[in-house]
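Chains as they are written, first to last, in the numbering used here: chain A, 1 to 313; chain B, 1001 to 1551; chain C, 2001 to 2275.
Check before you lean on any hint, since a few could be wrong.
[What the hints assert, rightly or not] Below are the SDA-like pairs computed for lysine to any residue, each with C-alpha atoms no more than 20 Å apart in a straight line:
1) A:K233 <-> B:Y1157
2) B:K1152 <-> A:T2
3) B:K1394 <-> C:I2196
4) A:K59 <-> B:L1154
5) B:K1394 <-> C:R2186
6) B:K1394 <-> C:T2183
7) C:K2012 <-> A:G131
8) A:K233 <-> A:D301
9) B:K1092 <-> A:T214
10) C:K2012 <-> A:T214
11) A:K233 <-> B:K1394
Just so you know, these hints were derived from the structure itself, not from any lab.
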Amino acid sequence: MTRFILTRIASAIPTLILVSIAVFGLLRFIPGDPAALMLGDLAKPGQVEAMRVQMGLDKPVVAQYLIWIGNVLTGDFGRSISTGQDVLPLMLNAFSVSATIVLVGVFIAALIAVPAGMLAAWRQNSPGDVGVIAVSTILLSIPSFWLGLMLLLAFGLHLRWLPVIGCVPFSQGFWPALVYIVLPVTTLVLSEAGPIARMARASTIEVARLEYITHARAKGLSESAVMWRHAFKNAFAPTLTLIGFVLGSLLGGIAVIETVFTLPGLGRLLVDAIYARDYPVVQGTMLFVAAIYVVVNLVVDLLYPFLDPRVAA
Amino acid sequence: MDGTSLMRNSMLSVRDLTITIGPGGKRIVDALNFDLASGDMIAIVGESGSGKTMAARSVLGLLPQPLVTAPESQILFKGNDITSIEPRALRKIRGAEIGMVFQEPMVSLNPAVTIGEQMAEGLRLHHKLGKAEIRDRSLAMLERIQIKEPAKCLTAYPHEFSGGMRQRIMLASVMLLKPRLLIADEPTTALDTLVQRDVLDLMVELTQADGTAVLLISHDLGMVSHYIPNVVVMSEGKAIESGPSSEVLRAPKHDYTRRLLDALPRRSAGGMRGGGCGKPVVEVRNVVIDYPGRNRLFSRTEAKRAVHGVDLTVRSGETLALVGASGSGKTTLGRAIVGLVRPTSGQIAFLGAEGRRPADRQERHREMQIVFQDPYSSLDPRQRIADIIAEPLKLDRAMNAAARASRVEQVFSEVGLSPDFGRRFPHQLSGGQRQRVAIARAIVGRPAFVVADEPVSALDMTVQKQILLLIRELQARHNFACLFVSHDLGAVEQVADRIAVMQDGRIVEIGERDDVIDRPQHPYTRQLLEAAMLIDRRFAENDPTKQAMAL
Amino acid sequence: MIALVLGQSRLKFNAMFGITVTALLLVGAIAGPWLVGYDPLKLDLPSRLAGPSAQHLLGADEFGRDVLSRLVHGARTSAWIAFATVLFALVTGTVFGVVAGFLRGWTDRILMMINDAFLAFPGLLLALGIMAVIGASRDGIVLALGLAYMPIVVRVVRAAVLSIREREYVEASRVMGNSEFITMARHVLPNCVAPIIVLATTMFGWVILSESALSFLGLGVPPPAPSWGSMLSTARPYIGQAPHLIVLPGLCISITLLGINMLGDAVRDWLDPKL
Chain A
1 MTRFILTRIA SAIPTLILVS IAVFGLLRFI PGDPAALMLG DLAKPGQVEA MRVQMGLDKP
61 VVAQYLIWIG NVLTGDFGRS ISTGQDVLPL MLNAFSVSAT IVLVGVFIAA LIAVPAGMLA
121 AWRQNSPGDV GVIAVSTILL SIPSFWLGLM LLLAFGLHLR WLPVIGCVPF SQGFWPALVY
181 IVLPVTTLVL SEAGPIARMA RASTIEVARL EYITHARAKG LSESAVMWRH AFKNAFAPTL
241 TLIGFVLGSL LGGIAVIETV FTLPGLGRLL VDAIYARDYP VVQGTMLFVA AIYVVVNLVV
301 DLLYPFLDPR VAA
Chain B
1001 MDGTSLMRNS MLSVRDLTIT IGPGGKRIVD ALNFDLASGD MIAIVGESGS GKTMAARSVL
1061 GLLPQPLVTA PESQILFKGN DITSIEPRAL RKIRGAEIGM VFQEPMVSLN PAVTIGEQMA
1121 EGLRLHHKLG KAEIRDRSLA MLERIQIKEP AKCLTAYPHE FSGGMRQRIM LASVMLLKPR
1181 LLIADEPTTA LDTLVQRDVL DLMVELTQAD GTAVLLISHD LGMVSHYIPN VVVMSEGKAI
1241 ESGPSSEVLR APKHDYTRRL LDALPRRSAG GMRGGGCGKP VVEVRNVVID YPGRNRLFSR
1301 TEAKRAVHGV DLTVRSGETL ALVGASGSGK TTLGRAIVGL VRPTSGQIAF LGAEGRRPAD
1361 RQERHREMQI VFQDPYSSLD PRQRIADIIA EPLKLDRAMN AAARASRVEQ VFSEVGLSPD
1421 FGRRFPHQLS GGQRQRVAIA RAIVGRPAFV VADEPVSALD MTVQKQILLL IRELQARHNF
1481 ACLFVSHDLG AVEQVADRIA VMQDGRIVEI GERDDVIDRP QHPYTRQLLE AAMLIDRRFA
1541 ENDPTKQAMA L
Chain C
2001 MIALVLGQSR LKFNAMFGIT VTALLLVGAI AGPWLVGYDP LKLDLPSRLA GPSAQHLLGA
2061 DEFGRDVLSR LVHGARTSAW IAFATVLFAL VTGTVFGVVA GFLRGWTDRI LMMINDAFLA
2121 FPGLLLALGI MAVIGASRDG IVLALGLAYM PIVVRVVRAA VLSIREREYV EASRVMGNSE
2181 FITMARHVLP NCVAPIIVLA TTMFGWVILS ESALSFLGLG VPPPAPSWGS MLSTARPYIG
2241 QAPHLIVLPG LCISITLLGI NMLGDAVRDW LDPKL
């Protein structure tokens, strides 16, 4: 078990290194001189030269990478070109907004979709099953940002129940903050419930036809005991992987929902930085999001042996 | 068996049991009748598709969708009809009164739940026992089935045990509840011969001690005759014969039973066919095969030696059988000879040459072929049968399309398939037909040497017999040398000229077939022979004069 | 029995619906410009934000451009991008996947390390990063999404190659003396086609969704070219005044995705009856 944990953690390190190289390399492809970009259009040639030296751009590429990654490891992601703020606090503030919505949304989605998918699989081809398939396939096909706009139209503009844009941090009171995140979270719950329900259903069907399920029935266990005690753990393992995948990809994909509800989250920070050609922010955010994704996947893998003890063997 | 023979003390009475695919659909089981008295044992014997497993499952109401029992069916357990009982009452019977052991020990214990929990579940449910009591009983049972370190076993997961151990644990967990009836569905089919014997002995011991009745489902008449006094023979959903095992075996009334008996392992007539006279085709000298270990950051798997310095020779026209349990290295050795595995050291000479040069290798490949165990995965699903069989010929540049076609047609008739099969795809064929195609592909290029890697162990008994006869017949015609790899002494006895017994990567005994089987020298060979449960020769010989003499 | 019938008819319904929607998308994409009279770029300021009328069947947008015409041209954009992207990801991904699975050893390990680094960028992030470098353009989206989806194809193809090359019929081909190359071409690759087709159908839907998301973010098809995603994006400020500008493009995306997803389910049931 310890060996499994150590191996898995160690194997995440080369991935992180390659990710950082990829982010660094990607930003090298940008046409134009980074030093000139930093200074803007009005810079004099001498200033640009000085900036190049200051940024280390006169050194070989490998040295530049090592300087950058060294700074990143001490928490120095550089400064934003457009606002001059340090990138790290910018990212952390935005992350707290995104993470709240994503975690709450995916948690509720899983809470609804996993039991729905499993029950549908247990009564395969019953009207209830067909209903779950239909609803989840439709939800899967609606883009989250359009769903968000529709909710906004219905609950914000027509019924006027909920605020249309913006957000309030939870530090300023629970209720005001909650009111602002209801719509974005609902959007996420609806759009992520589809794939999770389908996965839970597919893996439960796979497990339900295995012999140990019949064996559990032959012991005299009730249907619900067979399902929750014997099928759940085995069927949930692939669904957990999907939930990890959804959590991670939302950190990149949340940008569209943050755009709909004008939330100052991580996705919006990245997109705005791309518009503004604010490359230190783009570089920092991409590395940050990718690193979180690697960590999420690591956590999922470390949880896996609790569901399937064969993995750690 | 008819209704008049209904016994007074019968615990389980099955009357007109009919199972269909959906109401009124195709009949899987057709009007089956049998009785089982308390503490007695009965076996249902049949081949795949005979309906025997579904008949057994219906006793617990465990038919998979969309199978249903027809309304006229009655399954009376202690006087209650299980087909019409309400689910709650049925669950009280399952586990507590009727226990069930399944075929595949690898998939019938839940991989995510500890052994202790899986054993405790039934006790908690049916006997309402406390934690300490459950633990004591589980430990006592594990000790009784001779599990080392029972306390540790309770917290372990199924994947930490071998197939035989899992089957023992499964048996223990079912018998822990002291059911009145145990249904065992092919409990040993997936196990090695030696382990099969252990598990069956254990089953009989545990059930006899508690006075539990046994309903055994099996395809193996030979094994059944050793353990079970009464037998029902099923074919295509119908019970075609039933009665005491000894009578059914001695004087089978029905044609199908006779064929089933014929298919039982028996020594091929005629004895030796000049073994040792042909010229050596394959010479294996001091071959060692290691599976390399892996070095990773935090884990290291040791290199494992699968074959320890083996010598053997296979001559043209003879069949050498390589026999051993799984993990003995027999398959690895066979694969090394045809070049799928590279030996770590030692020589494998083929027709006198070692063939290290690539050009030689191509040449010698055409002279040696392999037939695999699983006829479902050994044929490319996207190719037509004629293309599959013709493929080895495409490597022979001297052959044109017309010559190939006529050779393929000839081979079709040699393996007993109609040439119509040529246009079909593998999934349209039965297991036996596929194995014929695999054999046709192996012999179409007239090879000097064929490795048959467990070629019949995935097939039904009557089909096994046909395939074994086919191999022998083809060998007589084409005079190729054959290495027959198998765990099954019964099959080996029918085709081999010589037998080599392998244990832990070494050949412990090698000799003429009759010497090895009648006068085994090594203790391991004797163990294997005992476990093989070759059917009593008295029953196997259908010659009436011999039967009379035996009586 | 009812369950059985339901299961059967669902399969047929999936396939029929999927094929119909996909065919409509293709017809709109190919013949669209001849079916609708208006130039999608023609400004008609007096009709600005107008609702459906005889003049503009589905209304007009914030510059008075005809919404129906823009939707049809949007289908053309989406279909073109989806085809080009799926083709790009499939071809490159299959080449790398086959090379890795075929050669194994160090080539495989290095290719997979690079591939895993690509896969470590979640969802749209990699595409966003690539768009940041090359700037918003139609061909840029194809490159960005193609590169973002390629690693998934590499994974699937490599896994298929590795699993199929261990089958006994492949070993039989080796034993009969076929070279590794012939064995791959004759027995391994033809058996990898099914999972690749299933993946391609699914990917078609992902690409349409991702393209509309990128365009919605303003990093996709640049204005004034019509695209469902950018139509939503530019209409967002007018959500209160002209809700049809929001409702219609979204409906187009949703119905298209629903059709493709159902087609994908039908294709998978047909090629891979296991699920």
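Outcome of the hint check:
1. Straight-line distance between C-alpha atoms of A:K233 and B:Y1157 comes to about 14 Å, which keeps the hinted pair within the 20 Å bound.
2. This hinted pair checks out: B:K1152 and A:T2 have alpha carbons roughly 19 Å apart, not beyond 20 Å.
3. Between B:K1394 and C:I2196, the direct Cα distance comes to roughly 29 Å. Violation of the 20 Å bound is thereby established for this hinted pair.
4. Pair hint A:K59 plus B:L1154 does not hold up; C-alpha atoms about 63 Å apart against a cutoff of 20 Å.
5. Under the criterion of a C-alpha separation no larger than 20 Å, the hint pairing B:K1394 with C:R2186 is consistent with the structure, at around 12 Å.
6. Annotation: proposed proximity of B:K1394 to C:T2183 holds, straight-line Cα distance about 13 Å (limit 20 Å).
7. Simply put, C:K2012 and A:G131 have alpha-carbon atoms about 16 Å apart, close enough for the 20 Å limit, and the pair holds.
8. Taking the CA atoms of A:K233 and A:D301, the gap is near 15 Å; set against the 20 Å cutoff, the hint holds.
9. Restraint check for B:K1092 and A:T214: the C-alpha separation of about 16 Å stays at or below 20 Å, so the hint holds.
10. Between C:K2012 and A:T214 the alpha-carbon distance is near 31 Å, which puts this suggested pair outside the 20 Å criterion.
11. Between A:K233 and B:K1394 the alpha-carbon distance is near 51 Å, which puts this suggested pair outside the 20 Å criterion.
Violated hints for the displayed structure, listed by number in ascending order: 3, 4, 10, 11.
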